[in-house]
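So the sequence lines, in the order shown, correspond to chains A and B. Using the numbering used here, read the first sequence as starting at 1 and increasing by one per residue. Using the numbering used here, read the second sequence as starting at 1 and increasing by one per residue.
Do not rely on the hints blindly, as some may be mistaken.
Unchecked claim - Once the Cα atoms are required to be at most 20 Å apart in a straight line, the calculated DMTMM-like pairs of lysine to aspartate or glutamate come out as:
1. Lys64(A) / Asp98(A)
2. Lys148(A) / Glu371(B)
3. Lys202(A) / Glu144(A)
4. Lys184(A) / Glu117(A)
5. Lys64(A) / Glu144(A)
6. Lys257(A) / Asp113(A)
7. Lys383(B) / Asp235(A)
8. Lys388(A) / Glu16(B)
9. Lys216(A) / Asp12(A)
10. Lys2(B) / Asp102(A)
11. Lys375(B) / Asp409(A)
12. Lys10(B) / Glu299(A)
13. Lys55(B) / Glu117(A)
14. Lys68(A) / Glu144(A)
15. Lys379(B) / Glu412(A)
16. Lys379(B) / Asp409(A)
17. Lys53(A) / Glu112(A)
18. Lys38(B) / Asp336(A)
19. Lys365(A) / Glu20(A)
20. Lys28(A) / Glu299(A)
21. Lys375(B) / Asp235(A)
22. Lys2(B) / Asp336(A)
As the list claims (entries may be wrong) - Reference listing, derived: stretches of chain B covered by chain A, where coverage requires no fewer than 3 residues with Cβ under 8 Å from a Cβ of chain A:
23. 33-46
24. 64-78
25. 144-157
26. 245-253
As the list claims (entries may be wrong) - Taking CB as the label site, the calculated pair distances span:
27. Glu371(B) / Gly237(A): 18 to 24 Å
28. Asp407(A) / Tyr188(B): 25 to 31 Å
29. Leu102(B) / Gly300(A): 39 to 45 Å
30. Asp407(A) / Ile256(B): 53 to 59 Å
31. Val447(A) / Ala114(B): 26 to 32 Å
32. Glu126(B) / Ser211(A): 21 to 27 Å
33. Ser211(A) / Asn284(B): 55 to 61 Å
34. His14(B) / Ile78(A): 29 to 35 Å
35. Val340(A) / Ile95(B): 30 to 36 Å
The hints are simulated quantities; they were obtained by calculation from the structure and are not laboratory data. Here the structure is a predicted model, which means the values were calculated and not measured. Ideal Cβ placement from N, Cα and C applies to all residues, glycine included.
One-letter residues, chain by chain:
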Amino acid sequence: MSKIIKIKKGLDIPLQGEAEKILNTAPKSSAYCVCPPDFHSLTPKMLVKEGDKVQAGTPLFFDKYNEKILYTSPVSGIFTDLVRGEKRRILKLIIQADGGDDYVDFGIANPEDLSREQVTEKLLQSGLWPSIRQRPYSVVANPEQTPKAIFISAFDSSPLGADLDFILNGQEASFQTGLHALKKLTDGKIHLSVHAENTKAKGFLEAKGVSIHRFKGPHPAGNVGIQIHHIDPIDKGDIAWYVGVQHVITIGRLFEKGIYDASKIIALAGSEVLNPRYYRVIHGAKITDIVQKNIRVEEGLNHRFISGDVLSGTKVSEQDYLRFYDNMVTVIPEGDKPEVLGWMMPNFDKFSVSRSFPAFLMPWKKFRHNTNIRSGERPFVVTGVYEKVLPMEIMPMQLLKYIMINDIDMMEKLGIYEVAPEDFALCEYVCPSKIEIQETIREGLDVMLREFS
Amino acid sequence: MKPLINLVEKVKPHFEEGGRFEKLHRSFEAFETFLYVKGDVTHTGSHIRDAIDMKRTMVHVIIALIPVLLFGIWNVGFQHFKATGQEVAFMDQVIFGLIKVLPIIIVSYASGLAVEFIFATARNHEVNEGFLVSGMLIPLVIPVTTPLWMVAVATIFAVIIGKEVFGGTGMNILNPALLARAFLFFAYPSYLSGEVWIETTLQEGQQLVDGFSGATAMAIMTAGEGTMPSDFDMFFGFIPGSIGETSTFAILLGAIILVATGIGSFKIMASVFLGGLAMGLLFNLFAVNDYMDMPAYRHLIMGGFAFGAVYMATDPVSASQTDMGKYIYGVLIGVITVLIRVVNPAYPEGMMLAILFMNVFAPLIDHYVVEANVKRRLKRMKKIRLETQA
């Protein structure tokens with residue numbers, strides 16, 4: 001077995017409401033949604049009009065700058081609403097489901113018998129291509145390029161993150177088929193990263209055609225960006241692709257059944273969920289259909305619904321929809337109540353990495369963390385805090401400063417190609433100056449993307 | 001506490017856009033956020049945030065300053081009555097100290113915060129918490145004999161020239177509190193040369209004891225005459241000196257608080273002490289005079305060495321910001337301090353100048369540390385590339 005890659009820096013935020021390993025099926029939603037903003041830097045060009053009938057797998061829109069990449073409907077029904085935001089930006093495409101199982105037929109095939117072009121074509125047609133993303137820049141992969149390797153993280157270390165072993169259970173064959181399909185897309189290796197102790201599923205440990213890497217340590221050890229950095233880092237000019245485990249399974253099903261089966265298993269977690277569990281849903285499902293009545297109701301308590309994890313998920317409302325890449329829905333309390341002298345009190349109920357709060361005296365305690373930001377934004381003052389939660393050979397504060405002053409040369413030298421906002425999520429969490437770090441990293445990546453494309 | 005919040009909420013509209021006191025919006029905000037953590041929630045990025053903020057950080061530095069402050073207050077009284085040869089009760093010493101020290105603290109805070117609020121209003125940014133610490137540090141690094149007007153002038157100078165011209169807390173190059181002291185040192189040298197730092201304004205019926213000199217240990221060593229206080233007195237601080245600098249013991253208590261809470265950088269503190277000790281030992285080796293021959297450890301307990309190492313060098317904004325840089329920065333402060341003390345007779349105390357000097361050089365140190373990181377990254381890339389190809 002390969003040697004264990006030990007991640008020393010990082011942080012596991014102790015939160016209440018971890019999902020119990022019980023699988024329920026969420027009731028079918030009446031409406032599903034595809035959200036173009038899920039795909040960074042995408043400019044959608046519509047292929048359907050409001051009122052059109054669609055099948056699961058019918059293309060809804062394509063990427064203006066890469067016309068081959070199609071985005072398809074997860075369910076069959078009628079495309080009813082196009083929601084636009086500022087500057088007429090397309091935010092949501094709502095599809096009223098007819099409840100039937102009307103799929104576009106893409107044909108059953110064994111990916112091992114297909115050529116690279118045929119696999120690519122199938123993924124593009126079915127709308128599963130966007131599940132493959134690339135580093136650098138953390139955007140949807142370009143089908144015309146060949147990556148040096150494809151990376152898959154088989155464990156989720158984010159706070160309350162879903163247990164991928166549990167999700168894989170019963171879908172091992174589809175996962176393996178998906179791996180075979182992906183294998184066609186690269187001349188290099190497929191790197192599958194597992195947790196050295198917690199990953200038990202044979203589907204991962206005995207997966208064929210991949211190199212397995214064993215990781216150990218706190219979050220963000222499960223982030224694919226951290227894993228790439230330790231396995232085969234991205235230099236200027238390199239391209240690596242990455243795919244989530246559930247999407248590998250969906251790709252597998254595409255080849256096995258010939259359909260775009262958008263169902264997936266998500267964890268419903270967070271301190272405000274009464275019975276945190278796993279649910280089988282279809283991507284784009286309505287949050288309220290997943291959450292149902294399963295949340296704590298208190299006088300004056302507002303909830304924050306998050307599609308994804310608490311560090312880098314998307315803020316959604318209860319009437320909103322599950323996002324494309326997310327494996328979980330988190331519900332935590334909003335922190336919209338003022339706290340008298342809150343910065344001065346001992347605060348036994350608050351978690352902090354700083355030992356100026358008593359949290360470090362209670363390592364067993366799980367916290368009911370709210371969304372209060374606790375201060376206005378300040379310039380960088382305290383040093384040495386980000387370094388403790390970023391397990392990369394990268395100087396976080398210096399990189400951020402060079403992004404802020406738009407120094408492309410230094411951004412490159414300090415490793416902008418290796419990072420993604422989610423890798424810096426913990427830096428943002430611990431920042432005493434409350435600087436919007438993930439957004440800053442995204443801005444830096446966008447500058448590079450514009451510069452080199 | 002509900003009525004308090006309600007009251008604040010009630011007057012709030014007057015300070016918001018279109019209100020009567022719209023211009024004082026930032027000042028109001030400062031008081032509001034002092035009273036309570038606002039119910040502001042995250043909108044972008046991480047949905048949850050660590051409970052720490054600037055106020056919490058700064059207030060812990062102030063907590064760490066309490067032992068030094070309390071000891072300093074008592075010592076002011078103790079030194080005064082020692083000079084006059086009077087035997088008085090402990091409380092009388094404390095009360096005398098309070099009468100002398102409190103006005104300095106009040107003047108420092110009032111003048112500094114006034115400048116901060118004016119700049120926050122004029123520039124329309126939030127009032128930064130940085131001065132909460134600077135305002136306490138300034139009184140502790142000057143002798144009690146400094147006239148109040150000088151305290152005010154020095155504080156205003158430090159806040160404007162040291163901080164606000166660069167854009168406020170977080171943007172400054174020099175440590176503002178030390179800049180205040182440096183300002184006094186060069187503008188009014190007769191008050192800060194270390195000759196007489198004990199409050200000796202005599203009242204009727206008082207007189208100085210025979211043979212009273214009042215010189216600090218630094219002045220004695222530099223002049224080469226007078227008797228040095230014992231190590232015990234210097235460590236615990238029963239000696240004349242700036243208000244907060246005398247007791248190494250009290251400073252170490254503060255250091256424990258800073259390091260335990262993780263607010264102060266242990267890397268910097270330890271390396272300053274190490275650098276000073278190493279330089280002292282080096283001088284011992286080549287000793288040609290009394291000062292060079294002085295036991296190296298004494299450098300650490302006399303003058304402002306410990307205070308500078310624990311509270312001044314660790315200011316994260318003006319110090320080196322990289323982990324490796326912090327060691328270099330700290331060691332150099334220690335080395336330069338002892339160098340100035342021993343070699344340059346014009347400046348009995350080297351700590352202040354050494355820190356200010358290194359403040360200026362910190363970005364250069366960081367530059368080289370960053371360059372080293374760039375090189376290391378390149379090397380790492382190459383190495384892994386070779387490995388994966390093999």
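A quick look at each hint next to the structure:
no. : hint                              : result
1   : Lys64(A) / Asp98(A)               : violated, 29 Å
2   : Lys148(A) / Glu371(B)             : violated, 28 Å
3   : Lys202(A) / Glu144(A)             : violated, 34 Å
4   : Lys184(A) / Glu117(A)             : holds, 9 Å
5   : Lys64(A) / Glu144(A)              : holds, 15 Å
6   : Lys257(A) / Asp113(A)             : holds, 16 Å
7   : Lys383(B) / Asp235(A)             : holds, 12 Å
8   : Lys388(A) / Glu16(B)              : violated, 39 Å
9   : Lys216(A) / Asp12(A)              : holds, 12 Å
10  : Lys2(B) / Asp102(A)               : violated, 58 Å
11  : Lys375(B) / Asp409(A)             : holds, 14 Å
12  : Lys10(B) / Glu299(A)              : violated, 23 Å
13  : Lys55(B) / Glu117(A)              : violated, 59 Å
14  : Lys68(A) / Glu144(A)              : holds, 10 Å
15  : Lys379(B) / Glu412(A)             : holds, 15 Å
16  : Lys379(B) / Asp409(A)             : holds, 18 Å
17  : Lys53(A) / Glu112(A)              : violated, 34 Å
18  : Lys38(B) / Asp336(A)              : holds, 8 Å
19  : Lys365(A) / Glu20(A)              : holds, 18 Å
20  : Lys28(A) / Glu299(A)              : violated, 30 Å
21  : Lys375(B) / Asp235(A)             : holds, 13 Å
22  : Lys2(B) / Asp336(A)               : holds, 15 Å
23  : 33-46                             : holds (count 13)
24  : 64-78                             : violated (count 0)
25  : 144-157                           : violated (count 0)
26  : 245-253                           : violated (count 0)
27  : Glu371(B) / Gly237(A): 18 to 24 Å : holds, 22 Å
28  : Asp407(A) / Tyr188(B): 25 to 31 Å : violated, 43 Å
29  : Leu102(B) / Gly300(A): 39 to 45 Å : holds, 44 Å
30  : Asp407(A) / Ile256(B): 53 to 59 Å : violated, 40 Å
31  : Val447(A) / Ala114(B): 26 to 32 Å : violated, 41 Å
32  : Glu126(B) / Ser211(A): 21 to 27 Å : violated, 50 Å
33  : Ser211(A) / Asn284(B): 55 to 61 Å : holds, 59 Å
34  : His14(B) / Ile78(A): 29 to 35 Å   : violated, 53 Å
35  : Val340(A) / Ile95(B): 30 to 36 Å  : holds, 34 Å
Hints 1, 2, 3, 8, 10, 12, 13, 17, 20, 24, 25, 26, 28, 30, 31, 32, 34, counting from the list given before, are not met by this structure.
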